[in-house]
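Sequences listed follow chains R and D, in order.
Using my numbering, count along the first sequence one by one with no gaps and you end on 211.
Using my numbering, count along the second sequence one by one with no gaps and you end on 211.
Heads up, some of the hints might be wrong.
Calculated pairs, SDA-like style, for lysine to any residue (alpha carbon to alpha carbon, straight line, at most 20 angstroms) [unchecked claim]:
1) K13/R x R203/D
2) K13/R x T200/D
3) K13/D x R203/R
4) K13/D x T200/R
5) K13/R x G201/D
6) K13/D x G201/R
Just so you know, the hints here were simulated from the structure itself, not pulled from any lab data.
Quick caveat: nothing in here was measured; it's all calculated off a predicted structure.
For reference, the chains in residue letters:
2 protein chains.
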Amino acid sequence: MQVIVPFATESPKTRLEGVLSATERREFARAMLEDVLEAVRATGHAPRVLATGPVEADVPIVIDDRPLSEAVNAQLDAHLGADGTASGVAVVMADLALATPVELAELFAESGDVVFVPGRGGGTNAFAARHPDFYVDYHGTSYLDHRTIAREIGADVSVVDSFRLSTDVDEPTDLVEVLCHGDGRARDFLVDAGFSLETTGGRVTISRSDE
Amino acid sequence: MQVIVPFATESPKTRLEGVLSATERREFARAMLEDVLEAVRATGHAPRVLATGPVEADVPIVIDDRPLSEAVNAQLDAHLGADGTASGVAVVMADLALATPVELAELFAESGDVVFVPGRGGGTNAFAARHPDFYVDYHGTSYLDHRTIAREIGADVSVVDSFRLSTDVDEPTDLVEVLCHGDGRARDFLVDAGFSLETTGGRVTISRSDE
Chain R
1 MQVIVPFATE SPKTRLEGVL SATERREFAR AMLEDVLEAV RATGHAPRVL ATGPVEADVP
61 IVIDDRPLSE AVNAQLDAHL GADGTASGVA VVMADLALAT PVELAELFAE SGDVVFVPGR
121 GGGTNAFAAR HPDFYVDYHG TSYLDHRTIA REIGADVSVV DSFRLSTDVD EPTDLVEVLC
181 HGDGRARDFL VDAGFSLETT GGRVTISRSD E
Chain D
1 MQVIVPFATE SPKTRLEGVL SATERREFAR AMLEDVLEAV RATGHAPRVL ATGPVEADVP
61 IVIDDRPLSE AVNAQLDAHL GADGTASGVA VVMADLALAT PVELAELFAE SGDVVFVPGR
121 GGGTNAFAAR HPDFYVDYHG TSYLDHRTIA REIGADVSVV DSFRLSTDVD EPTDLVEVLC
181 HGDGRARDFL VDAGFSLETT GGRVTISRSD E
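Let the hints inform the model, and build the full structure from the sequences given.
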């Protein structure tokens, strides 16, 4: 199975701008990418990065500066033709900081023309496709839209139910999950940057120590 | 296995007060409770409700008006003695509106002295305990605290990784998950109340029609 990890090289993770500087956001995004690539590799698959611009990583890079949906659809077109359908293509987002090989292996092994991993807020955090007509549209409630697309092309659908893979890291509250459940570079980055968990009024948030 | 579903009968779901009236919040909380009870029953287990006050439900009710941790610990004490340890006690929160029998059966069947289902934000959405010394403390980052408790009593720990069970419904953004992935009474309640999904600036939120 081809495993593709899309990665935005310019201004990544803008919704974290309240808690991380632009440089920090780039470093944090890179740390999450490396964690995801390592987890994919540990399943026995060789990931490729689909980047919007040049990026250093110890895996093959495909550069495509078009919007995410277009760039992913170009990859699906290239690899889900007559030859690619049997093994399939998986697309795994680069900000799944809690991903471990166990859940990714489940995604890659699950049967179905299209296998979805829903993310919080109606997103599609990962999928595996073996149907030549499947395509993506990440705008809006992409999980529901992708299910509609799968139905329209007559594809069998499976869903992998995983808290870890449902957790994409976009906003400050998501950092709680990384601090709580992570054990890779992304968590190390946050700890080194002074972040810790704090309980305020019974709710768990993050706090950052003065540097 | 004893399966206990704690339920607050007074002023439930206060963090939804921006989008639901007090009466609606009570009805919505009841709808979620019924969904959870039905999912537990479908696993072949007979749930009991641990309520802070009188509640109508077609299952045995235990009333205990103490704070959640105290009430749950009293149940653990009662059922994890010499006789109860073998089969164990499971505690499943009443606001897991996306729970289905598949994930709950996994929780009940998973081996381990204590089996945790983490929730978003450091919570413990469900657990199964077979160790006589296990106790709960739901304040703060309860998932990490519960893991510490398990370690201190020498209990083997397992974790069930489930997006559905990690989703407890506390805040307006959580309603997106119910509308997207639910298929029970809780979703019906929201649809009947006029809620639908809305995409604003690429992010998915809820909107409510005028009544």
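Of the hints stated earlier, which fail here?
-> none
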